[in-house]
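Q: Okay, here's what each chain looks like letter by letter:
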Amino acid sequence: MTQTEYDIITRCQRGDKDAFRWVVQTHQRMIFSLALKMLCDEEEAKDMVQETFIRVWQRIRDLDQQKTIGTWIYTIASRLCIDKLRRTNRITSMPEDQLALRRFVSDNDNQRTLENREWVSIVKTIVEGLSEKQRLVFTLIQLEGLSSAEAEQITGFDAKQIKSNLFVARQTVRKRLKELGYE
Amino acid sequence: MNKTDDILERLKGQQPMIDDPDALTDRIMSSLPDLEPSQQEDEGKARIIGWRWPAILAVAASVAVALLLVWPKPENHTQEPSVVAQAVLNENPKPSDASSEPFGHTVQKKEDSKEQPSSTKGSLQKVTETHKIEPEPQVSDDSKAYDRADYLPLPKPVNEPQVHYASIQNAVDTIYKDPARMDEFIARMADFNEVKAVPLDCNPGSGDSTIISNAYVFDDTEQFDVFGRLLQAACWYDSKTPGYLLNFSHQQLFFTLKDLRKGQKYLWIAERVNGDRILLYSTHSPIETDVSSSCYQNYREQLTHTIFNSLQF
Chain A
0 MTQTEYDIIT
10 RCQRGDKDAF
20 RWVVQTHQRM
30 IFSLALKMLC
40 DEEEAKDMVQ
50 ETFIRVWQRI
60 RDLDQQKTIG
70 TWIYTIASRL
80 CIDKLRRTNR
90 ITSMPEDQLA
100 LRRFVSDNDN
110 QRTLENREWV
120 SIVKTIVEGL
130 SEKQRLVFTL
140 IQLEGLSSAE
150 AEQITGFDAK
160 QIKSNLFVAR
170 QTVRKRLKEL
180 GYE
Chain B
0 MNKTDDILER
10 LKGQQPMIDD
20 PDALTDRIMS
30 SLPDLEPSQQ
40 EDEGKARIIG
50 WRWPAILAVA
60 ASVAVALLLV
70 WPKPENHTQE
80 PSVVAQAVLN
90 ENPKPSDASS
100 EPFGHTVQKK
110 EDSKEQPSST
120 KGSLQKVTET
130 HKIEPEPQVS
140 DDSKAYDRAD
150 YLPLPKPVNE
160 PQVHYASIQN
170 AVDTIYKDPA
180 RMDEFIARMA
190 DFNEVKAVPL
200 DCNPGSGDST
210 IISNAYVFDD
220 TEQFDVFGRL
230 LQAACWYDSK
240 TPGYLLNFSH
250 QQLFFTLKDL
260 RKGQKYLWIA
270 ERVNGDRILL
280 YSTHSPIETD
290 VSSSCYQNYR
300 EQLTHTIFNS
310 LQF
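Chains as they are written, first to last, in numbering that gives the first Met the number 0: chain A, 0 to 182; chain B, 0 to 312.
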């Protein structure tokens, strides 16, 4: 934790909402990104961001200041996403979702920014068939670009579990893409 | 690389956008419950109880020492309260050695302020200031909060005490938060990093010397964390401060304040440019004055389209 984070968290722990606004503004995008890719629904993702930060606020005094605040927020958001996925029906892709993936693949512009609805369609298409845990590990490492060590801290899985979940997830995604005609 | 890997690799570098991040922030902030006051009070009480016994023991020990000291000299009895107060001051353990304390400058200043004439009032003040070290159950204003934060154990040392915003002491009034302290803090950061202030003339030809504008170009390093420090300094101000407006993202910080006492308005814009620099623009002027931002825009353009080494900093 940096000195800045430490001071901000200390203020939050005293109930300072202005300091907490800084925490929200700094981390809401990464949590939205995770939630959108996990839940595949923009409004649900926003609700999840809100719920995550309410939990963070309520438990801010429990934060171990040796850990980074980002990792801790990710942990809370991940658990909420997993709970949500377990309660809802399995996400399945529709033919129009597969079209979004096709457009993305055929687009030669590597710098093009995907719109949120495109993200939803593409993720829905490629992660179909993954378990919640595989999906979480795949999202954190493959889509969010976090390291295995960070994923371990966030999920609480050990290195072996991370490795095996990621391996199975990648194999399943490759198989899925192959079925859709991508070699 | 086959197509599957290519797809995954392309997805890795992207992050979805929140269409209206400020609205989402406001929504989150408005839905936050108040932290339970009883919990806060309980924690405060627990801390007081935790600190009270050592404090009582320290006072008792110092009284005993004082009695021993004054015993052979009964004529000094009239000075006892002052001696006791001084003994309490000496006995009470300092948070840490000033040289290793991250906020050593702050602590030093406080000690300096304690060097007052040893009148009865002075002695009482010494005792009061000594008790400041103890945690308080409730904090009524930010300045008090930071007084206490100065004494909290820190996870790692900071080597630049002069450029921590908490090192700026408001000697005049602890309630009024002078916006000029932000500039003072920026000047310290600039001085520490050997960054020169570049004066900008935002109203050329007008001859208006009341508009003061400066630009700074800092290295954007994780070690010094200019952006974080600015945010932290901005967060020090109460959101009810006149003219308070704080907006920031990873890329830019925009902060305004008004000083109704001095009739001044302040604006700070910090922006990450070229990936490795932070351009900081600071301006203040009388509240009723219109200030053009064109000078800042021009300077920014110059920075982003020019090799840094060719600029006069």
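Be aware that a few hints might be false.
Claimed, not checked - Per label pair, the in silico range of CB-to-CB distance: (1) A:F166 with B:D237: 16 to 26 Å; (2) B:I211 with A:A158: 55 to 65 Å; (3) B:P241 with A:T87: 15 to 25 Å; (4) A:E131 with B:D4: 38 to 48 Å; (5) B:S30 with A:K66: 22 to 32 Å; (6) A:G128 with B:T303: 40 to 50 Å.
Since the hints were derived computationally from the structure, they do not count as laboratory data. Ideal Cβ placement from N, Cα and C applies to all residues, glycine included.
Q: Please go over all the hints and tell whether each is borne out by the structure.
A: For each hint, the structure was consulted:
1. A:F166 with B:D237: 16 to 26 Å: The hinted range 16 to 26 Å is violated for F166 of chain A and D237 of chain B, with Cβ atoms some 52 Å apart.
2. B:I211 with A:A158: 55 to 65 Å: holds (56 Å)
3. B:P241 with A:T87: 15 to 25 Å: Given range 15 to 25 Å: violated, Cβ gap about 48 Å.
4. A:E131 with B:D4: 38 to 48 Å: violated (24 Å)
5. B:S30 with A:K66: 22 to 32 Å: About 25 Å separates the Cβ atoms of S30 of chain B and K66 of chain A, which means 22 to 32 Å holds.
6. A:G128 with B:T303: 40 to 50 Å: Holds, at about 47 Å.
Hints 1, 3, 4, counting from the list given before, are not met by this structure.
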